[in-house]
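Between the sequences and the hints, there should be enough to build the whole structure, so can you do that?
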Amino acid sequence: MKSATADTAAPIAATTRLLGELLTSRRLPLGLLFAALLIAVRPVYHLTLRVVSQWQAERLWRDRPQNSQLVFSGDPIAWLSHRESGLDTLVLLDGNQENLNRFPCWSMAGSMPDRRGLKIILGHRDAHFRELGLMSQGETVQLKTQQGGQTFVVDQIEIVEKEQLGDHLIMSQDRDAVVLVTCYPFTYTGSAPHRYLVWLRPQKEPLV
Amino acid sequence: MPIHSSLVYGYRHRIAIVKLAFILLFLWSAATPSPAGAGDHRDSAGVLTGYDEERNERILPLKETNVHLEITGNAVHARVRQTFFNDSVARLEALYNFPLPDEATVTDMFMQIGERRIRGVVQEKETARQTYEQAKRSGRRASLIEHQRQNLFETRVANLQPGDEITITFTYLTPLPRVDDRYELVFPTVFGARYHMGHTDDGMVELHPLSEPPPVQAQAPLVQPGRVSEAENNHFVTLTANVAGIPVADIQSPSHEIFIDHHGERHFAVELSPVDNLPNRDFVLFIEPYLDEEPQLSLVQSHQADGVHGMLTLYPPLEDVIGTDPTPKDIVFLVDTSGSMGGLPMQQAKDGLKACLAMLHDRDRFNIVRFSSDFSSYTQTYESVSSENLSRAHAYIDNLASGGGTEMQQALAHVLDLPESPEHLKMVVLLTDGDVGNENRLLALVQRTLGNARLFSFGIGSAPNEHLLKRISEQGQGVANFLRNNEDIGQVVSNFIETINTPVLTDVTLDFSDRAGNPQSIRRIYPSRIPDLFLGRPLRLLFQNDQPITGYVGVGGYLNGRWVQYDFAVDQGRKTHLPGLEKLVGSAQIKDLTADHLTAPYDQKAGIRDQIVALGLKYQLVTPYTSRVAVEERLQKMPDGSLTTVRVPIMRRANGLAATATNDFNLLLAAALLLALAAPLYVLQHTFGRKETTA
Numbered sequence: 001m002k003s004a005t006a007d008t009a010a011p012i013a014a015t016t017r018l019l020g021e022l023l024t025s026r027r028l029p030l031g032l033l034f035a036a037l038l039i040a041v042r043p044v045y046h047l048t049l050r051v052v053s054q055w056q057a058e059r060l061w062r063d064r065p066q067n068s069q070l071v072f073s074g075d076p077i078a079w080l081s082h083r084e085s086g087l088d089t090l091v092l093l094d095g096n097q098e099n100l101n102r103f104p105c106w107s108m109a110g111s112m113p114d115r116r117g118l119k120i121i122l123g124h125r126d127a128h129f130r131e132l133g134l135m136s137q138g139e140t141v142q143l144k145t146q147q148g149g150q151t152f153v154v155d156q157i158e159i160v161e162k163e164q165l166g167d168h169l170i171m172s173q174d175r176d177a178v179v180l181v182t183c184y185p186f187t188y189t190g191s192a193p194h195r196y197l198v199w200l201r202p203q204k205e206p207l208v
Numbered sequence: 001m002p003i004h005s006s007l008v009y010g011y012r013h014r015i016a017i018v019k020l021a022f023i024l025l026f027l028w029s030a031a032t033p034s035p036a037g038a039g040d041h042r043d044s045a046g047v048l049t050g051y052d053e054e055r056n057e058r059i060l061p062l063k064e065t066n067v068h069l070e071i072t073g074n075a076v077h078a079r080v081r082q083t084f085f086n087d088s089v090a091r092l093e094a095l096y097n098f099p100l101p102d103e104a105t106v107t108d109m110f111m112q113i114g115e116r117r118i119r120g121v122v123q124e125k126e127t128a129r130q131t132y133e134q135a136k137r138s139g140r141r142a143s144l145i146e147h148q149r150q151n152l153f154e155t156r157v158a159n160l161q162p163g164d165e166i167t168i169t170f171t172y173l174t175p176l177p178r179v180d181d182r183y184e185l186v187f188p189t190v191f192g193a194r195y196h197m198g199h200t201d202d203g204m205v206e207l208h209p210l211s212e213p214p215p216v217q218a219q220a221p222l223v224q225p226g227r228v229s230e231a232e233n234n235h236f237v238t239l240t241a242n243v244a245g246i247p248v249a250d251i252q253s254p255s256h257e258i259f260i261d262h263h264g265e266r267h268f269a270v271e272l273s274p275v276d277n278l279p280n281r282d283f284v285l286f287i288e289p290y291l292d293e294e295p296q297l298s299l300v301q302s303h304q305a306d307g308v309h310g311m312l313t314l315y316p317p318l319e320d321v322i323g324t325d326p327t328p329k330d331i332v333f334l335v336d337t338s339g340s341m342g343g344l345p346m347q348q349a350k351d352g353l354k355a356c357l358a359m360l361h362d363r364d365r366f367n368i369v370r371f372s373s374d375f376s377s378y379t380q381t382y383e384s385v386s387s388e389n390l391s392r393a394h395a396y397i398d399n400l401a402s403g404g405g406t407e408m409q410q411a412l413a414h415v416l417d418l419p420e421s422p423e424h425l426k427m428v429v430l431l432t433d434g435d436v437g438n439e440n441r442l443l444a445l446v447q448r449t450l451g452n453a454r455l456f457s458f459g460i461g462s463a464p465n466e467h468l469l470k471r472i473s474e475q476g477q478g479v480a481n482f483l484r485n486n487e488d489i490g491q492v493v494s495n496f497i498e499t500i501n502t503p504v505l506t507d508v509t510l511d512f513s514d515r516a517g518n519p520q521s522i523r524r525i526y527p528s529r530i531p532d533l534f535l536g537r538p539l540r541l542l543f544q545n546d547q548p549i550t551g552y553v554g555v556g557g558y559l560n561g562r563w564v565q566y567d568f569a570v571d572q573g574r575k576t577h578l579p580g581l582e583k584l585v586g587s588a589q590i591k592d593l594t595a596d597h598l599t600a601p602y603d604q605k606a607g608i609r610d611q612i613v614a615l616g617l618k619y620q621l622v623t624p625y626t627s628r629v630a631v632e633e634r635l636q637k638m639p640d641g642s643l644t645t646v647r648v649p650i651m652r653r654a655n656g657l658a659a660t661a662t663n664d665f666n667l668l669l670a671a672a673l674l675l676a677l678a679a680p681l682y683v684l685q686h687t688f689g690r691k692e693t694t695a
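Chains A and B, in that order, are what the protein sequence lines are.
Positions 1 to 208 (UniProt numbering) are the ones given, in order, by the first sequence.
Positions 1 to 695 (UniProt numbering) are the ones given, in order, by the second sequence.
Note that these hints are calculated values from the structure, not bench results.
Glycine included, C-beta positions come from ideal geometry on N, C-alpha and C.
Treat the hints loosely; a few may be bogus.
[Unchecked claim] Computed from the model, here is a short list of chain A residues facing chain B with C-beta under 7 Å:
#, residue
1, P29
2, L33
3, A35
4, A36
5, I39
6, A40
7, R42
8, P43
9, H46
10, L49
11, D126
12, G166
[Said to hold, decoys possible] Ranges of calculated distance between the beta carbons of each label pair, as one might list FRET restraints:
#, chain 1, residue 1, chain 2, residue 2, range
13, B, A676, A, F186, 39 to 45 Å
14, A, E158, B, Q252, 54 to 60 Å
15, B, D181, A, L47, 55 to 61 Å
16, A, E158, B, F688, 54 to 60 Å
17, A, F186, B, T379, 57 to 63 Å
[What the hints assert, rightly or not] Simulated crosslink set (SDA-like; lysine to any residue; CA at most 20 Å straight-line):
#, chain 1, residue 1, chain 2, residue 2
18, A, K162, B, A401
19, B, K136, B, G163
20, B, K591, B, R529
21, B, K329, A, Q203
22, B, K354, B, N389
23, A, K162, B, N399
24, B, K350, A, A177
25, A, K162, B, N389
26, B, K136, A, K162
27, B, K618, B, T171
28, B, K354, B, P422
29, A, K162, B, G403
30, B, K136, B, Q123
31, B, K350, A, H194
32, B, K136, A, P193
33, A, K162, B, D398
34, A, K162, B, D351
35, A, K162, A, D114
36, B, K591, B, Q611
37, B, K329, B, Q477
38, A, K162, B, A395
39, A, K162, B, Q611
40, B, K350, B, N495
Encoded structure:
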């Protein structure tokens, strides 16, 4: 009859042996390397897509549809620039994931460029809109659309809870504002709990 | 064990472990949800259905939907005109799915081509489909309206030539729904992606297997049209409404911007603002009447060759009993946390839930059950209402997050299975957008397992599945409520709690007598099972009889265990005419038969189906088994080129915003960690130099 110690010792010894053999296996480092490459495919693809898109941005903007009534999801719709932070980017129509991987996007939840109403531009905090953190009140932002260029002033910077964003924007009464939205904190690992909002209001023409 | 076999065993295991590790890592990498929301991506993909076969042209043949609503005291007559225009160079067949209000009955249909106007006829579904297909093959222009499932309909227009404009006009009739102190009219313009496992009800996981196959209409696969975004949309809705015969105190729309014109006493014209004409959310109109001018009984009767058809609306004075001590309740809140509830709807559900908890009485008990692809509950059975328990419940609610499918059946079965106590009235409150595809199974489940409980529902979101929520609440002896966008959640919840706290008139009976007081019999009443009566909810019945009702209507029932009886005199001086009333009665009869079909033994189903077909043909109604078809008489010269079928995409529902971060950093971090593990392992193995597989 075997003792209880012998009963537990055998599986422990087998597990230890298996672990030892796994750690000494030449295939393990190779396997880990392969897994690392596999995991890195998606972020590298996104990065490449952004770089290539950035490279094509000028041409896309030049060749944009001329009829503002006939723009579709993914079409270039605006150009956004802010000198102090170095933000200088094309904006595509429709903030879906596919478009956001390329450029910041003009959200369909807001008004279109040629209509009055709150306009919403979304961007990734770890891509084009990381520069939003460098914007300060009073600075100017240029927004070019099919209807022409307009200068906006950074009026207010807000941080709201992710779940409150929809309500917060719906509550806004300002029909001339543009709001730039990205995730916050900028250096958060995982799904960020807040949204960083930069409210832009049209710059008033000086009285002559 | 021989040594070599042990080595082979160990080697295989090592390979298996390494493989498993890779598979797990790969799955983790693929399955880690992107915070930016996969839902948006899926929505965008749906847009492709708007292209033709070569995917190089955008074809959206439905250009305009024009709606006119005639709202009288008790019913809504609607005329819907869909204009299809082919601005492409291909010959098209257009398919368009659209929802209608829960109790809508399609009463007529015309197809207009240039000057010609062709009236549709009702035929049995298969025959109508054959008529349509035959016309399609011969090159004739034709249109077909089919009942797709529940309150979803489909228009098909065949042989839409390049440059053609065809207008399909149909009319429907629906009773005007009354909720608390106001009428609530809904014109749905978009329907949610009905979630169900697999493509048919057959695929559902059955907790309590039905003894017979699912109803015939449930077997049809649900075809989902694509969804377009605002910029891609080329389809607009114009809507006008006339409100007459109601003592209107106020008219407002919580969903859209409207213009109101006062055309005289009790006559108002409502028009949808042209800047708010996108079919991306339900149009809702609230009409508040002057309550003191309203009669307690409203009776409309119409004489036909086969007898009298009528609609009876009663407002029993339950207000008299407000303030009496309500029965203690066991309330279970069943909350949908599926992906379709993401954004604003989830927030509304949380706020609604908290407001409900705040209004519970001391002697009540509660539980919260959430469901998406799975379900879990806040506590095992029920918890008492104490400040400590409420703050724990609030923390639980705050942690609810949306994601996954809408598998309501198992969660509902679990909730209905919770124990009932003799001292408490068990109530289930369902908070959902109702985007499920297996409505019939859910209704059958409630019918079988409700016991003495009551089921109430809260529809949430921009386009909740009104049909399901109303039917399931009706089946559950409760009432449906809707949390519309921009509505004060506190007010809606307060009305709801007041409703369930007020004693209910149960086991309701009706009796009729003539002016001399002699009993009068009624041939048929719909619904055949008279529902319980709640405060602020009128009792609305449709009936068929040989003679008109002339004397008195008595409503009896138990109120807090005490029998009460209310008698109403039928006012002969008040003449109200309601065209198409017989169709409403026919439709109510079909609704009852459809419910019977759901639970009837298999060998009786064919008989019930035949009865529905006969009623559809008699009253000329579009039902699950009858459709309306219109065919152009003259033959067209068949042009070259094949017929392209285009499913008209519907608009994406107005909802939240996409999140704004990728998961790239996390993935790169994981990859770097693996590399950081691999490098020292490689160095160590080379330093200590153990060779592989030496026996």
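| message | Run through the hints listed earlier and report the numbers of any the structure violates, in increasing order. | response | 10, 13, 14, 17, 21, 24, 25, 26, 28, 32, 35, 39
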